[in-house]
Amino acid sequence: MMNKFGIDPHHPELSQKLTEAFNKTHAQYAQHHNEQGNQQADKLYAYALVDGTFDDANLGKQLWELSQENDSGIVSLYDNTSLSGFEECAPFLVNLSSDNLKNLLVYGADKPMLSFLQTPLNKKALQRHFAAFLCIHTPSDGLRFPLRFSDTMCSIDILEMLDETQLEMVLSGFTAWHLINRKGTVTTIAGDCMDLASYIAPNIGEKNAIDITDRQYVRLIDSGEADGMLCGFIKNTPQITSGRTASKVFAMITELLTEMDTRGIKDDINRRQLMVKTLLMPDKYHAIEVLDTAQKHDVAKALQYVAT
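Just so you know, the sequence shown maps onto residues 1 to 308 in the UniProt record's numbering.
Check before you lean on any hint, since a few could be wrong.
[As the list claims (entries may be wrong)] With a cut-off of at most 25 angstroms between alpha-carbon atoms, the simulated PhoX-like pairs for lysine-lysine come out as follows: (1) 277 - 301; (2) 248 - 284; (3) 284 - 296; (4) 61 - 4; (5) 61 - 17; (6) 43 - 24; (7) 277 - 235; (8) 124 - 4; (9) 43 - 4; (10) 4 - 183; (11) 123 - 102; (12) 61 - 43; (13) 183 - 248; (14) 284 - 266; (15) 102 - 61; (16) 284 - 235; (17) 266 - 277; (18) 248 - 4; (19) 61 - 124; (20) 266 - 301; (21) 4 - 277; (22) 296 - 277; (23) 277 - 248; (24) 266 - 235; (25) 17 - 248; (26) 183 - 296; (27) 24 - 4; (28) 183 - 24; (29) 43 - 17; (30) 284 - 301; (31) 123 - 207; (32) 43 - 123; (33) 102 - 4.
None of these hints come from the bench; they were simulated from the model.
With these hints in hand, go ahead and build the complete structure from the sequences.
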């Protein structure tokens, strides 16, 4: 049975793949310093970034309580920010070791809550770095929203939404960011932080927010459409997802949404109804015929289509 978050089980060799990714980043980091003629590179730290909202056992509360203890190796990204008071929903940085990696992977096996950062910044400096990007603010209407970059199903969408300057600021805080992706394996995002001397901490805006345009906001919302549909189908229309992996269904939904866009099918209800219909077709050819019928005639006629 597909889990409610629409992600595949962890790859059997995920731990090994992560170790390989960590080692590759460490080698690139050392090579950079050798090429710069540095006698000794700054220490490269490794942290787990844990989203505390994806758990029914009060993980966020537990991590928050641990973060208040001396030398716990855990800090909340919401601590001393405009989001203080929402600590149980916070992302947390956790010192990473070979000892706790296994436990973290077990705990996050069916949740998009776990990624890993390598950086020369110590934990407090990295906490301060991310404090600049905790929220987005749309000046056109004055609204402000938390930015859930620790949700690994949103991380890349968020980075792609940022403008060039904003993206450069985010990437400046780490050497590599390793995400556990929808297929249960590793996606690595290369950062730009290769030494402490060249790092410049970003300015922290009002209420820990960055300003985005309406177009950026729409792009961010649109990027979550496929994921929202997938999770809805898992809960309410399980026959669509039966016998398929979450990543496969997600790829199909994403492709079919693009096909709808090219045909000018924009209404949310129509898109959802047509998605159910097309995903129940025996193959892509018939799914496209459904969408062609909607474009040439109307959605009602398309929903009556029978594959032959």
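Here's how the hints hold up against the structure:
Simply put, residue 277 and residue 301 have alpha-carbon atoms about 12 angstroms apart, close enough for the 25 angstroms limit, and the pair holds. As the CA atoms of residue 248 and residue 284 are separated by approximately 13 angstroms, the hinted pair is consistent with the 25 angstroms bound. The straight-line distance between the Cα atoms of residue 284 and residue 296 is roughly 18 angstroms, inside the 25 angstroms bound, and the hint therefore holds. A hinted pair counts as satisfied when its Cα atoms are at most 25 angstroms apart, and residue 61 with residue 4 qualifies at roughly 22 angstroms.
Straight-line distance between C-alpha atoms of residue 61 and residue 17 comes to about 30 angstroms, which puts the hinted pair past the 25 angstroms bound. Restraint check for residue 43 and residue 24: satisfied, since their Cα atoms lie roughly 15 angstroms apart, inside the 25 angstroms limit. A C-alpha spacing of about 17 angstroms is found between residue 277 and residue 235, which places the hinted pair at or below 25 angstroms, so the restraint holds. For the hint pairing residue 124 with residue 4, the CA-to-CA distance comes to about 34 angstroms; that exceeds 25 angstroms, so the pair is violated.
With a C-alpha separation of about 39 angstroms, the suggested pairing of residue 43 with residue 4 is violated against the 25 angstroms cut-off. Proximity of residue 4 to residue 183 is assessed by CA-CA distance (about 15 angstroms); at most 25 angstroms being required, the pair is judged to hold. Taking the CA atoms of residue 123 and residue 102, the gap is near 21 angstroms; set against the 25 angstroms cutoff, the hint holds. A C-alpha spacing of about 31 angstroms is found between residue 61 and residue 43, which places the hinted pair above 25 angstroms, so the restraint is violated.
Only pairs whose Cα atoms come within 25 angstroms are accepted, and residue 183 paired with residue 248 is accepted, the gap being roughly 9 angstroms. Restraint check for residue 284 and residue 266: the C-alpha separation of about 20 angstroms stays at or below 25 angstroms, so the hint holds. Restraint check: the Cα-Cα separation between residue 102 and residue 61 comes to about 21 angstroms, which is no more than 25 angstroms; the hinted pair holds. With a C-alpha separation of about 24 angstroms, the suggested pair residue 284 and residue 235 falls inside the 25 angstroms cut-off, and the hint holds.
With a CA separation close to 16 angstroms, the supplied pair residue 266 and residue 277 stays within the 25 angstroms bound. Our distance criterion of 25 angstroms between C-alpha atoms is met by residue 248 and residue 4, whose separation comes to about 15 angstroms. As the CA atoms of residue 61 and residue 124 are separated by approximately 20 angstroms, the hinted pair is consistent with the 25 angstroms bound. Our distance criterion of 25 angstroms between C-alpha atoms is met by residue 266 and residue 301, whose separation comes to about 17 angstroms.
Straight-line distance between C-alpha atoms of residue 4 and residue 277 comes to about 21 angstroms, which keeps the hinted pair within the 25 angstroms bound. This hinted pair checks out: residue 296 and residue 277 have alpha carbons roughly 17 angstroms apart, not beyond 25 angstroms. As the CA atoms of residue 277 and residue 248 are separated by approximately 17 angstroms, the hinted pair is consistent with the 25 angstroms bound. Simply put, residue 266 and residue 235 have alpha-carbon atoms about 24 angstroms apart, close enough for the 25 angstroms limit, and the pair holds.
Among the hinted pairs, residue 17 with residue 248 is consistent with the structure: their alpha-carbon atoms are about 21 angstroms apart, no more than 25 angstroms. Between residue 183 and residue 296, the direct Cα distance comes to roughly 36 angstroms. Violation of the 25 angstroms bound is thereby established for this hinted pair. About 33 angstroms separates the Cα atoms of residue 24 and residue 4, which puts this hinted pair outside 25 angstroms; it is violated. Note on residue 183 and residue 24: the hinted pairing holds, with a Cα-Cα distance of about 21 angstroms set against a maximum of 25 angstroms.
For the hint linking residue 43 to residue 17, the alpha-carbon distance of about 22 angstroms falls within 25 angstroms, and the restraint holds. For a cut-off of 25 angstroms, the pair hint linking residue 284 to residue 301 stands: about 19 angstroms separates their Cα positions. Proposed proximity of residue 123 and residue 207 is supported: the alpha carbons are some 21 angstroms apart, at most 25 angstroms. Distance restraint check for residue 43 and residue 123: the Cα-Cα separation of roughly 12 angstroms lies within the 25 angstroms cut-off, and the hinted pair is therefore satisfied.
A distance of roughly 23 angstroms separates the Cα atoms of residue 102 and residue 4; the hinted pair therefore holds under the 25 angstroms criterion.
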